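Protein chains: 2
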Amino acid sequence: MNDTFLKACRGEKVDHTPVWIMRQAGRYLKEYQEVRAKIDFLTLCKTPELAAKVTLQPVDILGVDAAILFSDILIPVEAMGMHLEFSDKKGPVLGEPVRTKAGVDRLIIPDTEDSMPFVLEAIRILRKKLEQKVPLIGFSGAPYTLATYIIEGGSSKNFMNTKRMMYQNPGLFQGLMEKITATVIDYLSAQIKAGAQAVQIFDSWGGNLSPYDYENIIFPHVKKAIKALKKFDVPVIFFVNDCAGLLDIIKKAGADVVGIDWRVDMYKAVKTLGKKVAVQGNLDPCALFGPKEQIEERVQDILNRADTAKGHIFNLGHGILPETPVESAIALVEAVHRLSRA
Amino acid sequence: MNDTFLKACRGEKVDHTPVWIMRQAGRYLKEYQEVRAKIDFLTLCKTPELAAKVTLQPVDILGVDAAILFSDILIPVEAMGMHLEFSDKKGPVLGEPVRTKAGVDRLIIPDTEDSMPFVLEAIRILRKKLEQKVPLIGFSGAPYTLATYIIEGGSSKNFMNTKRMMYQNPGLFQGLMEKITATVIDYLSAQIKAGAQAVQIFDSWGGNLSPYDYENIIFPHVKKAIKALKKFDVPVIFFVNDCAGLLDIIKKAGADVVGIDWRVDMYKAVKTLGKKVAVQGNLDPCALFGPKEQIEERVQDILNRADTAKGHIFNLGHGILPETPVESAIALVEAVHRLSRA
Numbered sequence: 490m491n492d493t494f495l496k497a498c499r500g501e502k503v504d505h506t507p508v509w510i511m512r513q514a515g516r517y518l519k520e521y522q523e524v525r526a527k528i529d530f531l532t533l534c535k536t537p538e539l540a541a542k543v544t545l546q547p548v549d550i551l552g553v554d555a556a557i558l559f560s561d562i563l564i565p566v567e568a569m570g571m572h573l574e575f576s577d578k579k580g581p582v583l584g585e586p587v588r589t590k591a592g593v594d595r596l597i598i599p600d601t602e603d604s605m606p607f608v609l610e611a612i613r614i615l616r617k618k619l620e621q622k623v624p625l626i627g628f629s630g631a632p633y634t635l636a637t638y639i640i641e642g643g644s645s646k647n648f649m650n651t652k653r654m655m656y657q658n659p660g661l662f663q664g665l666m667e668k669i670t671a672t673v674i675d676y677l678s679a680q681i682k683a684g685a686q687a688v689q690i691f692d693s694w695g696g697n698l699s700p701y702d703y704e705n706i707i708f709p710h711v712k713k714a715i716k717a718l719k720k721f722d723v724p725v726i727f728f729v730n731d732c733a734g735l736l737d738i739i740k741k742a743g744a745d746v747v748g749i750d751w752r753v754d755m756y757k758a759v760k761t762l763g764k765k766v767a768v769q770g771n772l773d774p775c776a777l778f779g780p781k782e783q784i785e786e787r788v789q790d791i792l793n794r795a796d797t798a799k800g801h802i803f804n805l806g807h808g809i810l811p812e813t814p815v816e817s818a819i820a821l822v823e824a825v826h827r828l829s830r831a
Numbered sequence: 490m491n492d493t494f495l496k497a498c499r500g501e502k503v504d505h506t507p508v509w510i511m512r513q514a515g516r517y518l519k520e521y522q523e524v525r526a527k528i529d530f531l532t533l534c535k536t537p538e539l540a541a542k543v544t545l546q547p548v549d550i551l552g553v554d555a556a557i558l559f560s561d562i563l564i565p566v567e568a569m570g571m572h573l574e575f576s577d578k579k580g581p582v583l584g585e586p587v588r589t590k591a592g593v594d595r596l597i598i599p600d601t602e603d604s605m606p607f608v609l610e611a612i613r614i615l616r617k618k619l620e621q622k623v624p625l626i627g628f629s630g631a632p633y634t635l636a637t638y639i640i641e642g643g644s645s646k647n648f649m650n651t652k653r654m655m656y657q658n659p660g661l662f663q664g665l666m667e668k669i670t671a672t673v674i675d676y677l678s679a680q681i682k683a684g685a686q687a688v689q690i691f692d693s694w695g696g697n698l699s700p701y702d703y704e705n706i707i708f709p710h711v712k713k714a715i716k717a718l719k720k721f722d723v724p725v726i727f728f729v730n731d732c733a734g735l736l737d738i739i740k741k742a743g744a745d746v747v748g749i750d751w752r753v754d755m756y757k758a759v760k761t762l763g764k765k766v767a768v769q770g771n772l773d774p775c776a777l778f779g780p781k782e783q784i785e786e787r788v789q790d791i792l793n794r795a796d797t798a799k800g801h802i803f804n805l806g807h808g809i810l811p812e813t814p815v816e817s818a819i820a821l822v823e824a825v826h827r828l829s830r831a
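Residue numbers (my numbering), protein chains in the order written: chain A, 490 to 831; chain B, 490 to 831.
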């Protein structure tokens with residue numbers, strides 16, 4: 490098996506820089522679109538054989554060094570008791586937003602084995618199919634990111650309701666965060682037990698908080714989740730989108746790898762994070778709309794900037810966009826492999 | 490006149506920290522809504538007496554230390570030759586997006602006196618009405634931010650078309666940036682000549698670029714604009730939203746004041762920017778949804794963190810939200826004045 494990804498997570502010597510792409514199983518692949526033409530998004534997430542099938546597509550098509558389970562960060566939110574739908578226009582739409590004590594009280598801490606068995610089954614299928622190939626990454630949304638969906642009832646621009654609850658009713662907000670954190674811990678623990686060889690925690694919206702709020706209100710929950718996962722011998726990757734102002738807080742999360750979005754100079758990120766964690770990232774997803782020679786230049790630049798890190802896993806700084814030409818994604822993977830070997 | 494704002498811009502000694510609020514003339518004020526009930530947004534921008542009237546509202550209601558001209562950053566884009574409309578749902582909608590050489594060629598560099606006289610007239614009216622009160626700030630969007638609207642045809646999530654042009658057709662993109670930069674320079678020069686006592690350049694979307702792209706592709710235009718404004722003896726404030734990863738680039742812009750959004754620790758911003766520039770910011774706009782005591786705590790925290798800056802103008806880290814309780818905005822201004830005097 491190609492275990493370069495796992496070695497880089499642990500800071501061990503590798504013969505090339507491993508690379509995978511956030512949302513690598515997705516709409517930019519015609520093979521994915523063929524599957525989706527016959528099935529809606531949520532049913533796809535809940536059908537282990539098909540979820541496994543689309544998870545494998547980028548491994549074969551792009552030659553990435555890791556697979557990541559095809560799923561959605563809102564799956565555990567549905568299991569907590571919220572109604573979940575995906576609209577092509579509006580994205581995820583959850584049932585009645587949770588903004589009161591009664592609403593928080595109604596949410597349950599689901600048992601992953603009971604309420605999300607399809608996720609674990611997909612992992613088991615994938616581990617068999619990937620045996621001679623690459624490692625499998627499991628994932629979850631971070632507690633704060635899931636809280637924003639629960640409180641806003643979907644996507645949000647300013648997170649006004651979330652912050653309103655956070656400021657006006659800190660006790661209620663903390664109660665909600667505790668329930669979500671317990672859910673995340675059970676969810677990721679179950680994924681690891683089912684065979685996930687690394688897990689990534691996505692804090693997609695944490696970067697919208699001031700450092701003051703992030704550190705004091707949110708961060709204890711992240712640390713608690715990561716600490717609980719430490720008993721398993723798998724790398725934990727912590728990715729906060731828009732992390733530039735938060736890096737010296739994130740440094741203390743206890744993660745093995747820190748994901749870096751594209752708005753940060755990777756050299757400075759490495760300098761701030763120090764020698765105890767590996768880094769992952771950080772090409773602008775839009776760079777894949779440029780010509781191949783520019784993609785190579787940018788890959789070389791990021792490889793140089795990450796050179797002194799404990800370990801480096803190449804990735805985009807955020808999810809690949811549906812409009813991305815697949816040839817650019819292939820060129821990216823090839824360039825990372827070739828240039829890092831040189 | 491209360492010239493505390495201008496003194497702080499120049500790093501002179503002040504008896505209290507001045508404060509104004511981005512979008513302080515806006516929907517959170519019922520007095521503003523009363524004006525808007527009778528007139529659409531764009532007509533309001535183009536009617537000097539009414540634009541002046543709403544500009545003055547927060548000066549009287551909140552007691553801020555500066556007024557900022559009521560207008561929209563897309564006014565000069567319309568003057569460059571694009572059709573402009575405001576939709577309540579979608580925000581600004583521009584005519585056919587500019588993505589080709591023919592499209593860039595069609596844009597003109599407008600003469601502000603000829604094509605945007607209403608802006609200058611509003612400034613003249615305001616200077617008379619503000620004589621015994623506070624200074625007047627003029628403003629413009631930064632070249633890159635205006636380019637995104639021109640290329641995307643409105644607001645955007647990922648700036649895919651903008652970046653596509655930037656990467657695939659750098660010559661065309663630079664040609665567009667040059668036209669916009671010339672427009673911005675003329676626009677702000679005319680505002681200063683009409684009486685604006687400081688100007689702010691809003692780079693609302695610059696923070697979405699990687700530091701690499703910001704520095705190499707965009708920043709020369711910002712520097713050029715600021716340099717051209719140096720011949721006037723008025724402070725230039727440069728605000729890049731989501732600036733955390735760009736601060737040591739922004740430091741070299743030549744601005745007198747750097748605006749800081751709320752995702753940055755103000756103490757670190759001051760440390761990075763050094764002793765040559767004053768800072769402005771940086772309370773999370775959503776903090777105004779919290780109770781008054783929390784607002785005061787956060788104000789005190791930011792005052793402390795900005796303590797070693799050359800100068801500090803208090804502001805939110807982004808525009809005030811329409812849902813904000815006006816009492817919170819009043820409490821903010823009062824707290825900044827009282828706590829900074831203590």
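Please note that a few of the clues may not be correct.
When chains are identical, the list treats them as one kind, so a pair holds in a single copy or across two.
Unchecked claim - Once the Cα atoms are required to be at most 25 Å apart in a straight line, the calculated DSS-like pairs of lysine-lysine come out as:
| id | residue 1 | residue 2 |
| --- | --- | --- |
| 1 | Lys713 | Lys740 |
| 2 | Lys617 | Lys535 |
| 3 | Lys646 | Lys579 |
| 4 | Lys781 | Lys590 |
| 5 | Lys760 | Lys741 |
Hints listed in this document are in silico derivations from the structure and should not be mistaken for laboratory results. Here the structure is a predicted model, which means the values were calculated and not measured.
Against the structure, the hints:
1. Taking the shortest Cα distances, Lys713 and Lys740 sit within 25 Å of each other inside one copy (14 Å), while across copies they are farther apart (37 Å).
2. For a Cα distance limit of 25 Å, the shortest separation of Lys617 from Lys535 inside one copy, 19 Å, qualifies, whereas the shortest one across copies, 67 Å, does not.
3. In this assembly of identical chains, the alpha carbons of Lys646 and Lys579 lie at most 25 Å apart whether taken from the same copy (12 Å) or from different copies (13 Å).
4. For the identical chains of this complex, Lys781 and Lys590 are inter-copy neighbours only, at 23 Å across copies versus 53 Å inside a copy, given an alpha-carbon limit of 25 Å.
5. Taking the closest pair of Cα atoms, Lys760 and Lys741 come within 25 Å of each other both inside a single copy (14 Å) and across two copies (22 Å).
The structure is consistent with each of the numbered hints, conforming to all of them.
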